[in-house]
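K.L.:
Now for the letters of each chain:
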Amino acid sequence: MFKRWLQTTTVATVLALAPLSAMSAMAQDAPKQGGEIVVTYKDDITTLDPAIGYDWVNWSMIKSLYSRLMDYKPGTPDLEPSLAESFTVSPDGLTYTFKLRKGVKFSNGREVVASDVKYSIERAVNPKTQGPGAGFFGSIQGAEDVTGGKSETLSGIETPDAGTVVFKLSRPDATFLHVLAINFASVVPKEAVDAAGGDFGKKPVGSGTFVLKDWTIGQKLTFERNKDYFVKDMPHIDGFTVEVGQEPLVALLRLQKGEVDIAGDGIPPAKFLEIKNSADGAKMIVDGEQLNTGYVTLNTKVKPFDNVKVRQAVNMAVNKERITRILNGRATPANQPLPPLMPGYDKSFKGYAYDVAKAKALLAEAGFPKGFETTLYSTNTDPQPRIAQAIQQDLAAVGIKADVRALAQANVIAAGGTEGEAPMIWSGGMAWIADFPDASNFYGPILGCSGAVPGGWNWSWYCNKDLDARAIAADSMSDPAKSAERTAAWGKVFTDIMADAPWVPVINERRVVAKSLRMGGADNIYIDPTRVINYDAIYVNQ
Amino acid sequence: MLLVARRLVQALLILLGVAAITFVLLYALPADPARMIAGRSATAQTVANIRHELGLDQPLLMQFWHYLSNLLSGNLGRSYAQKTDVWTLIAARLPATLTLMAAGIFVEVLLGLTLGTIAAIRRGGFVDRLVMMASFVGTSAPQFLVALLLLYLLAVTLGWFPMSGFGGFSHVVLPGVTLGLCGAGWYARMVRSAMIDVLNQDYVRTARAKGLSSRRVILRHALPNAILPIIAMIGIDIGQFMGGVVVVEAVYGWPGIGQLAWQAIQQVDIPIIMGVTLTSALAIVIGNLLADLIAPIVDPRIRTR
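Residue numbers (my numbering), protein chains in the order written: chain A, 471 to 1012; chain B, 845 to 1149.
The following block holds chain A by itself, in its conformation from the complex (with noise of 0.2 Å):
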């Protein structure tokens, strides 16, 4: 029953998917065991506390951490159980039994028992924790009172015994299983977290592939495989360890000297072209799709961008393959808010071509046949402020005369969320990273009615109830005979908001990881979808 769902749930994503996974096919060849590897970032680790990291660097370390319910097929989207080892769906799609596997520890040796599921979702949505997940969980009985204050505990999620789970839903929630699979639903024991005193992100405890060994503050962190780990074979490295306050220039020279094997934060562009060129280029680059649209928020409530003609002016006006040269290659142009990688992903859909004379005549129909003057907003670290002076050429070709402001990105954000102050907004630094791989993480919070309060993060301030219903008619859908169904209707959401032109998808820019010539693996588990670096399934060659 699950595996049929399994597949038919994932239809599109493998379709979407298929030139990867014969990649991956092509490199999986007897991943080995052992050897300890060293990983670089710039920035250091903030927390490793799955109910409050939230960045893409420490989120594939808690990925390997900690354990859920649920969690994906290395290098792809495909959801499949982890700690569960079976589960049921009601046929109102609104019951979920999870049945756990017997004998997962915690690696501070307990076992994983059900009301430990159940506390740390809990964990999660309670506002006391401080943590970003609690929307996620909206869908569980009891959540609003968990995150209004009035209960600490979730009504819709019960144990009838140690090795059951079930989770009650106040709405059908097709992405429900999704959620159980972020990080926020990793499994923690109550015990480690009350005696970490409040510093359980420094003293994790989990039950994933991986234990934290060591953590020198502002220096590096070590790993250690779980011996215990329920999956034979995995992970496959020994341990690795974790090295912050890297500059990533440095990191690269360090990894051509052999003393690192992987530079998180990928190759500056200055170095990109000099290392693809080089003789070991090739072996030494990971360059990877990823969940990711990088586009200019158009502000719907701000004249003139209120005028539907101007903002499909702008749409056509933008050279979205110059900005790609910008970042030497490492994007695509985008033409839908949807990622060529995502599930309900229109290749057929051709969006606005670039074309200054037809944007010139739109602005004139809208009544600006001279253009007018506006303000662009971008965060202030390379290559943005480039990109977005790009885009101001691009609109000056049109007549628009757009003033480039870049900002610290918490600057930005807050004059995204503030009604009326930014009418356009490049979205570089920050563009919108799927929290799993459903389009309708794409939605809501970006483009829906929802996200277009004071302090959201939908700013184009885009409202269309029309949409919305057809958003939340969509999500209801959780048969699984009617996921490819879904499917359609998330990618017809997508590629019909595009006639309003709230944004224009600009690119679809690609993740680079360095690694050493030692590293093995397929390019998808170093830029894994789901999870950036997948430490579980990397190896080491020799």
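To be clear, the hints were calculated from the coordinates, so they are not data collected in a lab.
These figures come from a predicted structure and were not determined experimentally.
Just so it is clear, CB atoms sit at the ideal spot from N, CA and C, and this is done for glycine as well.
Treat the hints with care, since some could be wrong.
Claimed, not checked - Pairwise CB distance ranges (calculated):
1. B:Met906 <-> A:Phe819: 49 to 57 Å
2. B:Thr983 <-> A:Asn850: 25 to 33 Å
3. A:Pro739 <-> B:Pro939: 17 to 25 Å
4. A:Pro739 <-> B:His896: 17 to 25 Å
5. B:Asp901 <-> A:Asn578: 35 to 43 Å
6. A:Asp750 <-> B:Leu873: 22 to 30 Å
7. A:Pro739 <-> B:Ile1080: 53 to 61 Å
8. A:Lys598 <-> B:Val1142: 31 to 39 Å
9. A:Gly668 <-> B:Ala888: 21 to 29 Å
Said to hold, decoys possible - Looking from chain B toward chain A, a few residues come up when the C-beta cut is under 10 Å (computed):
10. Ser885
11. Thr890
12. Thr928
13. Trp1004
Fit chain B to the supplied structure of chain A, relying on the hints for placement.
P.N.:
For chain B alone, coordinates are given in the frame of chain A:
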């Protein structure tokens, strides 16, 4: 003793002023810490909850009062993003920060004193011009460039030093020399002008007339009298380096306080920014106090004033 007591009271007032100004400035920023913590997918309820839990929904004065009362009991608060005591995070980086500060100041002073003295003795000559030009290049060269050049030459190409990290003596050489090279120019210029003044004094002329060797005149009579401004400059540098030298720390992967501050600024992690600012302010106060205490020992004339 009276000086120390007076300075301690002054220090407390300065720290209070720094705390107040930084606090107000940070809260005047158009950025919402709760929104940064909540992330992209959070509901308005989640953001409101986080704001409430952090006390950010209280009036500014109330927030400042809470901060101050915690501060007086030695509590710098908890990081918004890392959920760890700020003092733990700062303390973890103090050894590296102090080491780099000592190394940087040592190289600065060594180079500055030597070159400044030589330039003063050879005033107007080729060596003087060369030293002045070098000091000009040193002070105006971007730290990033100097750091990368040294790294590439001495660590990558020649392999004499490790490229990155904090550990033994070999790790501190390159960051220390980078700071020293970039800062020595100021010292050299200062020493040169002070030495020129001193070398024209009557007592130096007398010393020479007594037949003392040139080396003895310079080392025993001139240098101690020219060193006073250097002590004041070291006091200032202590504060500056304790606030973090972000660029040098970044290039050499040095786990200093600057990197902590930089990341906190990106994340609007106000408790860490406050903590680092206060630590830096405290270091400036202590540095200046030390300079004031050491000056009379070096120059007895100050004691009699």
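K.L.:
Against the structure, test the hints numbered earlier, and report the numbers of the ones violated in rising order.
P.N.:
Going through the list in order, the structure violates hints 3, 4, 6, 7, 8, 13 and respects the others.
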